[in-house]
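Enquirer: Each chain is listed here by its residues.
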Amino acid sequence: MTKCEQKKKLTLKENFKKNFQDILFCVIILLYPTIQFIIFYLGVNVNTIALSFKFFDYEGGYSFAGLENFKLAFYNLFNDTGLKLAVGNSVTYRIIAIAVGMTLSLMFSYYIYLNRAMAGFFKAILFMPAVVSTLVFTIIFRKFVGDLYSEIASKITGEMVPGLLATESTKKATVFFYNVFFGFGTAVLLYSGAMSGTNESVMEYAEVDGTNYWQKFIYVLFPMIFPTFITFMVMHISDTFMNQMNLLGFFADSASPKLQTIGYFLYTKTLKASLSEYPLLATYGLIFTLITMPIVFLVKHLLEKFGPNAY
Amino acid sequence: MKKIIAFLLAIISVFSLVGCADPGNGSGGGRPSEEFDPNKTQLYVLNYDGGYGTDWLYAVKARFEEDYATETFQPGKQGVQIMIDADKDGYYGTGLRDKMPVTTNEVFFSESITFNDYVSLGYMMNIDDVVTSTNSDNKTIESKMSAEQKASLKIGGSYYCIPHYASFAGINYDIDLFNSKKLFYAKDGAPSEPNFTGTVRYTNLKGQKSKGPDGEYGTYDDGLPATYDEFFALCGYMKNAMSITPFIWTGQYRTSYVSWILAALASDYEGKEQMMLNFNFNGTAKNLATVTSTGIQLDAQDKVINNSNGYELYRSAGRYYALDFLEKILDNNYYHSSGFTDSSAITAQDTFLRSSYKNQPIAMILEGIWWENEAEGTFETMANRYGEKWAMKNRNFGIMPFPKATADKIGEKPTLIDNNYSYAFIRNDISTEKVDLAKLFLKYCYTDESLAEFTTIVGLPKALNYEMDENTQWKSTYSQKVWNLYDSADKVYPFSQNPLYLGAQSAFVYYSTFRTSLETSAIDYLLRDKDSHTNAKDFFKGIIDTNTKAKWEQSYGRFF
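These protein sequence lines map, in sequence, to chains A and B.
For what it's worth, this note's numbering labels the leading residue of the first sequence as 660, then goes sequentially.
For what it's worth, this note's numbering labels the leading residue of the second sequence as 24, then goes sequentially.
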């Protein structure tokens, strides 16, 4: 070994020694999320995809099913009224959540950003559902629109008035209202965070230019927080067939098919399923992923291409 | 203001954290953890601590530990220590199944066990020797099982689990109220009586009561309505003449509870043999019906059922009669106003138990047989507050054998359906030196003495055939009445080893088949537009239309 090579080797060794703590830090930091990603993302999804091409029977174990699970899943999707309704509910709720929920959370965030009267109070109230257990909140709301509403309305009208979740005509609207209204927490927090992180001098400049509140929001602030908006939009759309609309908290596993979403349907079925029933459920999951995925990418692409650009 | 909000948030957050309490290892039934004794061999036993509690297990533990105090199961140790781990969440069903790889327990008593899954995943030990060898009572556990249990429990010719407790739902009635208000049908005072005079008469006198649904005098069901017609006449009498509310049930869980009752009514109508077709798809269906403009019409011909035409069973008449029974309760307002509120099962029990004291009597509650155990708190509170007269031991409740849909069925045995899939088993991978101990303990839990002890302590039966001594000190009148019904009935354990059934077990859970493509809650559907009086028929038609031949073939075609 030449002196030069020896020196080079020593340098590498020294470098490693010098950087050892940094490398160790990186490994420790990345180890947990990497393992989690491998098990709960790769492992679960690879297994789900594999399951959708399999049958399970108790004598022979798993066997290759070809496209049989897909045939049955599509048959059910086109023929089972309950499933069709669940698809419809998932999409309807998502449209409402985007149109109403996102718009209002932007408005609330803007109000908080402007620090107008009782902004702190609204921030705390709107954020409350995000810090309190969803189940607890759902139960409180259920009691409120159930027995309490019934009691008060019956006393006022003098007739027996059932709770809002007990009658067909009010059930769906009540559940939708709850989900939209109590879904503001995280959105308001992140939007108001993004807004407060924007350059104040730009806003001051806009004010000097004589813009009103709406103009400031539409032409200045919204473009600056547009990346956050895209993130939320992507999250919303990818959640379309996963969201169970808190139906479990409202109705346990007995929600009417008229209310069910695909997320609820899959969750409740999986909860009770035996091993032999998993392949079909995995197939549903895969089908809805295949439906959602291109829409997510398309929306993201369109928003990035045609959305407002602050810079 | 901010401080107030922060304070309120903190309070609410604390409430939401209550649900995160430690599930409790090595303890159970509200007892403190037991200290580990290094001089003894420990056997870890998991128990689902629901309506059947854990007291029975502590009783077995005490006897077992005493009986084997001098035995050596591990070198250097003498005696055994049963370590009980009892709780609810994650201790049953798929939750327990998913927990099996990490739990340290060795013997299990639980419910909602899809045991084929456990065997396939290698969680259950082969316990052929436990089931088929003679126990200390000179009987085998197998000899205490029904033919259907033997057939459905064997996987590849071997046993991996044993039935644990029996569980069924029904109409539970307040005997004290029936006596004080004279609500029993009198001998010759009911239309089903052989010498009915044409005038309905009620009584509370022993020996003066009608035959009841079993068609015999001098039995536990004397004076109870024998037919649906008699039953609803009684309900009308209660409501209109006596100002008694006939029924209460949990409003919050009405869908599940009422579905259990529908399943129970249908089972009682169909009988064991017909009911088992819904799980083994092998036999002749005799009660299939077609919907007509006025109700249903029974098929003139019986139908051979196999895997290819199981969908036919969705039009069994028992389903219709069960729905019709429920529709009559709703149409005539024979129920308490809380039946469609957010009232929990405990609240419904509480209201039922307090109704007599408040002089707003409720005669019957739709519940599972475990309800009295769940209501122990109310009994205690009432006894402390209003006097011993209201204690459980001093009150009398019973479970009513279902009246028969038609008079020609009077005298037929009642049929009960067990919905809880409750089993006991041993974990497959316990250490070799503990296998014999685990098997010994499991066998010990199934001697006649242990079975009777279970029934005495819990007040409810195990899902096996055994005798109770005539001098048994029953936990309550209700316990005795439950035993009377259980002992006299045919039992349906809704399971089979048919691959088609196993391929979609959750779809064949009988009570959950009372649904249409648009309705999961029969009771909510029947309540709507109730003046039409056609909801039962429409719902029955909905069930049939949901389970079509095409859907069946598409879903299960690979099994035939």
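Hints listed in this document are in silico derivations from the structure and should not be mistaken for laboratory results.
Beta carbons: idealized from backbone N, C-alpha and C, even for Gly.
Among the hints, erroneous ones may be present.
[Unchecked claim] Cβ-Cβ distance ranges computed for the label pairs, FRET-style: (1) Lys100/B <-> Asp681/A: 18 to 26 angstroms; (2) Thr557/B <-> Ser897/A: 25 to 33 angstroms; (3) Val532/B <-> Ser897/A: 26 to 34 angstroms; (4) Lys122/B <-> Lys959/A: 36 to 44 angstroms; (5) Lys122/B <-> Met952/A: 44 to 52 angstroms; (6) Phe583/B <-> Ile755/A: 57 to 65 angstroms.
[Stated by the list, open to error] Straight-line alpha carbon distances no greater than 30 angstroms define the calculated DSS-like cross-link-like pairs of lysine-lysine that follow: (7) Lys931/A <-> Lys574/B; (8) Lys111/B <-> Lys743/A; (9) Lys111/B <-> Lys802/A; (10) Lys173/B <-> Lys931/A; (11) Lys917/A <-> Lys173/B.
Enquirer: All hints, please: hold or fail.
Expert: Taking the hints in turn, this is what the structure says about them:
Checked against the hint of 18 to 26 angstroms, the C-beta distance between Lys100/B and Asp681/A comes to roughly 52 angstroms, which is inconsistent with it. For Thr557/B and Ser897/A, the hinted distance range of 25 to 33 angstroms is not satisfied, since their beta carbons lie about 45 angstroms from each other. For the hinted restraint 26 to 34 angstroms between Val532/B and Ser897/A, the CB-CB distance of approximately 33 angstroms keeps it satisfied. Separation of Lys122/B from Lys959/A is about 39 angstroms and conforms to the stated range, judged on CB atoms against 36 to 44 angstroms.
Taken as a hint, the range 44 to 52 angstroms is violated for the pair Lys122/B and Met952/A, whose Cβ atoms sit roughly 33 angstroms apart. For the pair Phe583/B and Ile755/A, the supplied restraint of 57 to 65 angstroms is violated, since their beta-carbon distance comes to about 45 angstroms. Straight-line distance between C-alpha atoms of Lys931/A and Lys574/B comes to about 21 angstroms, which keeps the hinted pair within the 30 angstroms bound. Taking the CA atoms of Lys111/B and Lys743/A, the gap is about 35 angstroms. The hint is violated against a cut of 30 angstroms.
Proposed proximity of Lys111/B and Lys802/A is supported: the alpha carbons are some 24 angstroms apart, at most 30 angstroms. Our distance criterion of 30 angstroms between C-alpha atoms is met by Lys173/B and Lys931/A, whose separation comes to about 24 angstroms. Between Lys917/A and Lys173/B, the direct Cα distance comes to roughly 41 angstroms. Violation of the 30 angstroms bound is thereby established for this hinted pair.
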